[in-house]
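Chains as they are written, first to last, in the UniProt record's numbering: chain A, 1 to 237; chain B, 1 to 290.
What the hints contain is simulated information worked out from the structure, not anything from laboratory work.
Incorrect hints may have been included.
Cβ-to-Cβ under 8 Å is the rule here; a few derived chain B residues that face chain A [as the list claims (entries may be wrong)]:
#1 L190
#2 A216
#3 G219
Label pairs and their in silico Cβ distance ranges [unchecked claim]:
#4 C280/B to D102/A: 26 to 36 Å
#5 N22/A to L140/B: 50 to 60 Å
#6 R284/B to S39/A: 19 to 29 Å
#7 G135/B to S39/A: 35 to 45 Å
#8 A188/B to K119/A: 24 to 34 Å
#9 A273/B to T57/A: 36 to 46 Å
#10 E115/A to R284/B: 49 to 59 Å
#11 R141/B to D206/A: 32 to 42 Å
#12 Y13/A to I206/B: 23 to 33 Å
#13 T57/A to R127/B: 16 to 26 Å
#14 P187/B to R99/A: 20 to 30 Å
#15 R284/B to G113/A: 30 to 40 Å
#16 D102/A to A188/B: 23 to 33 Å
#17 A216/B to Y13/A: 22 to 32 Å
Each residue gets a CB set at the ideal place from its N, CA and C atoms; glycine is no exception.
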Amino acid sequence: MNAFEIRGLTVQYQPGITPLKNLDLDVPNGQFLCVLGPSGQGKSTLLRCLAGLLVPTEGVIRAQGKPVEGPDASRGMVFQQDAIPGWLRVRDNVALGSRSTDEQVAHFIRAVGLEGREKDWPRQLSGGMRKRVAIAAVFANDPDILLMDEPFSSLDHLTRTGLHETVLQLWEETGKTIVFVTHDVDEAITLADRIVIVGRGGVRADVPVTFPRPRGENLRMDVDANLLRAALLESLK
Amino acid sequence: MIEDVGTRRFGVALRTRPRNRALLAGVLAGLVLWQLLSLLVGATTSQGQNVVPPLQQVLTTGITGLSHFYKGGWGPETTLQGAEDSVPLAALAVLQNSLATLVRAWAGYLLAVALGLPIGLAVAAVRPLRQAVSGIAGLLRMLPVLAMSPLFALWFGATTTASIAFVTFGAFWVVLLATANAVNSLPAPLTEYPRTLGLTPLQISIRIVLPAILPALRGALMLAAGTAWACVLASELYGIQSGLGWALNQTLLYTLVDQMVVVAGVFAGLSLASLRLVNCVTGRLTGWSE
Ligand SMILES: Nc1ncnc2c1ncn2[C@@H]1O[C@H](COP(=O)(O)OP(=O)(O)OP(=O)(O)O)[C@@H](O)[C@H]1O
Ligand SMILES: [Mg+2]
Chain A
1 MNAFEIRGLT VQYQPGITPL KNLDLDVPNG QFLCVLGPSG QGKSTLLRCL
51 AGLLVPTEGV IRAQGKPVEG PDASRGMVFQ QDAIPGWLRV RDNVALGSRS
101 TDEQVAHFIR AVGLEGREKD WPRQLSGGMR KRVAIAAVFA NDPDILLMDE
151 PFSSLDHLTR TGLHETVLQL WEETGKTIVF VTHDVDEAIT LADRIVIVGR
201 GGVRADVPVT FPRPRGENLR MDVDANLLRA ALLESLK
Chain B
1 MIEDVGTRRF GVALRTRPRN RALLAGVLAG LVLWQLLSLL VGATTSQGQN
51 VVPPLQQVLT TGITGLSHFY KGGWGPETTL QGAEDSVPLA ALAVLQNSLA
101 TLVRAWAGYL LAVALGLPIG LAVAAVRPLR QAVSGIAGLL RMLPVLAMSP
151 LFALWFGATT TASIAFVTFG AFWVVLLATA NAVNSLPAPL TEYPRTLGLT
201 PLQISIRIVL PAILPALRGA LMLAAGTAWA CVLASELYGI QSGLGWALNQ
251 TLLYTLVDQM VVVAGVFAGL SLASLRLVNC VTGRLTGWSE
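Excised from the complex, chain B in its bound form (with noise of 0.2 Å):
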C-alpha cells in the first residue's frame, strides 16, 4: 500500500500541521492586537480598570484574581476563609470550575448523542415521525435555543441537571435531524442488500445503516458539539454557583476586564479542544471512507 502511506502522509502535512500553525498564528495575533488596544485605548471602568487591560496585567492579578472563584473541599482555604490571592489557589479555581462545566457539556452532549442517534433512525423509518419533528425543528430553528436556558433553570432549579438537560435538548435536535436526514439519503440498495441476506432490521440499523451514515454526519457531531458548549454556557449564566460560565458572569458583574479574559479563554480552549475530541474520534471511527 505504497500509494495509501504517500496520501496519508500528505493528509498530515496538509491538515494537521497548517491548522496547528494557523491557531497559533491567530492566538499570537490576537495578543498582539489586544495589546496594541490597551495602549490605545484609554477608557476605565467605575472600579478604575481599564477596559482593554494590558496583558501583564491580565496575566498577574486576571489570574491571581480568580482565587476567590475557588470554593473549597479540596484541601486549601478559599479566601473567604482567609487565604491570600495566589497562583495555586487559582489554578485549583480554575480547575474547579473547568471540571463542571466539562461534566456538564460533555454529559449533554454525550446525552444528545445517544438519543438522537436511535430517534433520528426511528424518525427516518416513519414518515409520520418524519414529518412530525421537522414541523417541531422548523419551530425550533426560528426560536433562539440560547434564550431557553432560563426556562430550565425555572424547571430543574439551579442545578447540574438543569444545565445537563439544556445542554442536551440543544445539542440532541442538531443530531437528531441530521440523522434522520442522512439515513433519508441513503442510496435504496445498501439497505436492500442486507435484506436478501437475511439480516433483521435491528441488524441493519446498527450493521449498515450507522455506519453508512456516520460520514454524513460527522459534521453534524461537530455542530451540536459546538451547541453543547455554547449552551453550557448559557445555562451556567442562571442560578448556578459554579462552573467556567457562572465565573464568567461573576467577572462580567464587578467589570473585572483582566480575570474575565482569562475565563474566556479558558473556556475557549476547553471548548476547541473537545471539538477536536469529536473530530478525531469521529475521524477513526469514518477511517475506511477516506
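One chain only, chain A, in its complex shape (with noise of 0.2 Å):
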C-alpha cells in the first residue's frame, strides 16, 4: 500500500493564484522522499494538503489508503517556524502528542540527543536544540508518515548536518515515510531516496536518489552526485 496517494490535487486560494493544478504523485510507504521546488510554488500547499490542514479546491488525497480529512496523528509534521509550545518544558513537549508513550518519550528525547535537558524550558535552549524537541515528539507520537516543511531552512551549516544524522538515523530505526519539503538541491541529494520538482502546479521531474548511505560530505567529490545537482539545480531554474 502507498503512504499517500494524490490524484488530480488542485488547490485555488482565489482567483488566479492556483499553486497546484492536477497534481498527481505516490508515495510508496517507507519513502524518504524530498520535494523541491522554488518559492511559492506550491511546496507548503501541497504539505498542508498532505497534513490534512488544507482542504483542496479538487482532488483527492488518500493516506494508507483512506481519504485525508483533516489533520490526525497519523501524519506528524515538523513546521519551518518555531512551533513547539514555549510554556512546556522539553520533556512535556516531547509527551505532547495523543499518542505518546512514557517510553517512546524517553526513548527518542534519548535519540534526538536531549537527555539531561527534559527540564529545560525551550527559551534555554539553541534554535538547532528545539527543532530536535519537535522532531522527538513528532516521532514519540508514532504516526505513520511524517512532513517536514523546510524545518531546517533557519539553522546554520553545522547544526543542519548534525540534524540531517539524527532524522536519518530515526528513519532507518522506525522506517516511517517522510515527506520532506525544502528549496536546498544538497540537501534534498543528502537526504532522499527520491526528488520530486514541483512547478508551475505539477511535477516537473521525479528522480529516484540511489547514492549508497551514509551520504555526508564524500558526496560533493562524487561525479555522479555533482551530475544529478546540476541537473537539479537547471531545472529548478
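Mind docking these for me? Both chains are given alone in their own frames, and the hints should help you get the complex.
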C-alpha cells in the first residue's frame, strides 16, 4: 500500500492564485521523499494538504488507502517556524502528542540527544535543539508518516548537518515515510530516496536517488552526485 | 544556569525595588504637599472643617471619626448603641467595610475572568460571533461604563449581588476583548502543530491557546482589575449601606474631609495591593516566557 496517493490535486486560494493544478503523485511506504521547488511554487501548500490542514479545491488524497479528511495523529508535521509551545518543558513538549507513551518519549529524547535537558524550558535551548524537540515529539507520537516543511532552513550549516544525521538515523530505525520539503538541492541529495520537483502546479521532475548511505561530505566529490546536482539546479530555473 | 541567576537578580534590582521606593517617595511627597496645602488654604466647610485638614487632624479625628461606620455584629457596641469614637472601633469599621468591598471587587473580577476567558476563546473561533462582539464593544466604548452603575442598583436592588454584577460587567468586556484579540494574533503553526499531534479542539484550547495568550493577556488582566476597583466604588455609591464606597460617600455627604482622606487612602491601598497580586500571579504563570 502507498503512504500517499494523490490524484488531480488542485488548490486555488483565489482566482489567479492556483499553486497546484491537477497534481498526481504516489509515495510508497517507507520512502524518504524530498519535494524540491523554487519559492512560491506550492510546496508548503502541498504539504498542508497532505497533513489535512488545508482542504484542496479539487482532487483526492489517500493516506494508507484512506481519504485525508483533516489533520490527525497518523500524519505528524515539523514546521518551518518554531511551533513548540514555550510553556512546556522539553519532556512535556515531547510528550504532547495524543499517542505518545512514556517509553517512547524517553527513547526519542535520548535519540535526538536531549538527555539531561528534559526539565529545560524551550527558551533555554538553541534553535537547533528546539528543532530536536519538535522532531522527538513527532516521532514519540508514532505517526505513520512524517511531513517536514523546510524544518532546517533557519539553521547554520553545522547544526543542519547534525540534524540531517539525526533524522536519517530515526528514519532508518523506525522505517517511517517522510515527505521533506526543501529548496536546498544539497539537502535533498543528502537525505532523499527520491526527489520530486514541484513547479507550475504539478510534478516537473521525479528522480530516484540511489547513492549509498551514509552519504555525508564525500558526496561533494562524487561525479554522479555533481551531475545530479547540476541537473536539479537546471530544472529548478 | 549562571546566566539566569544574573538576569533574575538584575530583574529584581531593576523592577521591584525602585518601584517600591518610588511608591514610598510618592506617598511621602504627597503627604508633605498635603501638609503645605493645609497651611496655605484657609477655606473651611459649612461644618467649619478645613477643606484641606492638616495631617495631625487626619490622623486623629479622621481615624476615630470612622467609628460610626462600624455597624455591629462583631462584638463591641456601635456608636449608635452609645459607644464612644475610638481607634479600635474605627479599626473595626475599616475592616468591616474593607471586607465588604474586597469581596465585591474580587468576586466580580474573578467572575469576569472566568466568563471572559472561555467566551473570548469561543468568540475568536467563530467569525459571526467575533463581529457581533466587536460591534457591542464599539458601542460600549462610547458609553461611560461607570455611569451605568445606578442601572444595576435598579435591577438588583441595593445588594451585594448588584455590586458584584456591576463589577463583573465592567471587567468582563476588558477580558473578553483582550482574549479574542490575543487568540487572533497567535501564529497559525502554534495551533496547527497540536492538531497534527492528534489533540482535540478542547485540549488545544486549554493546553495550547490559553497559555499562549497569557503573556499578551497580562496587561488586560491588570486593566480589568483596575476597572473592577473603579466599578466597585461606583457600585457602592447607590443605595447599598456598606463598603468603602458607601463610607466615602457618607463622608462626602457630611463634608468630613479628614475621614474622607482616610477612607480614600484605605481604598487606594487595597486596590493597589489587589493589582499587585494580579501582577504577581500572572507573572508566575508566564514565567516560562521571560
Ligand atoms: N493562505 C494563502 N492565501 C492566498 N495565497 C496563498 C496562501 N498561502 C500561499 N499562497 C500563495 O500560494 C503560492 C504557493 O505558496 P506556498 O507557500 O505553497 O509556496 P512554497 O513553495 O512553499 O514557497 P516557499 O519556498 O517560499 O515556502 C504562493 O504564490 C503564495 O503566495
Ligand atoms: Mg513554503
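Outcome of the hint check:
With its C-beta approaching chain A no nearer than about 6 Å, L190/B sits inside the 8 Å limit, and its interface hint holds. Below 8 Å, beta-carbon pairs count as interface contacts, and A216/B has none with chain A, the closest being about 13 Å; its hint is therefore violated. Violation of the interface hint for G219/B is found here, the shortest Cβ-Cβ separation to chain A being roughly 18 Å, above the 8 Å cut-off. About 34 Å separates the C-beta atoms of C280/B and D102/A, a value consistent with the hinted range of 26 to 36 Å.
For N22/A paired with L140/B, a C-beta distance near 51 Å keeps the hint of 50 to 60 Å intact. Between R284/B and S39/A the CB atoms are about 43 Å apart, so this pair departs from the stated range of 19 to 29 Å. Here the CB-CB span from G135/B to S39/A is close to 40 Å, well matched to the stated 35 to 45 Å. Under the hint 24 to 34 Å, the C-beta atoms of A188/B and K119/A, about 29 Å apart, fit the expected range.
Range check, A273/B to T57/A: about 58 Å between beta-carbon atoms, so the 36 to 46 Å window is missed. Roughly 29 Å separates the CB atoms of E115/A and R284/B, a value that falls outside the hinted 49 to 59 Å. Distance hint for R141/B and D206/A: a CB-CB separation of about 58 Å, inconsistent with the stated range 32 to 42 Å. In this structure the hint that Y13/A and I206/B lie 23 to 33 Å apart at CB holds, the actual value being about 32 Å.
At roughly 21 Å, the beta carbons of T57/A and R127/B sit within the given window of 16 to 26 Å. Taking 20 to 30 Å as the suggested C-beta distance range, the pair P187/B and R99/A conforms, at roughly 25 Å. Restraint check, R284/B to G113/A: a C-beta distance of roughly 31 Å satisfies the suggested window 30 to 40 Å. Taken as a hint, the range 23 to 33 Å holds for the pair D102/A and A188/B, whose Cβ atoms sit roughly 30 Å apart.
Between A216/B and Y13/A the CB atoms are about 28 Å apart, so this pair conforms to the stated range of 22 to 32 Å.
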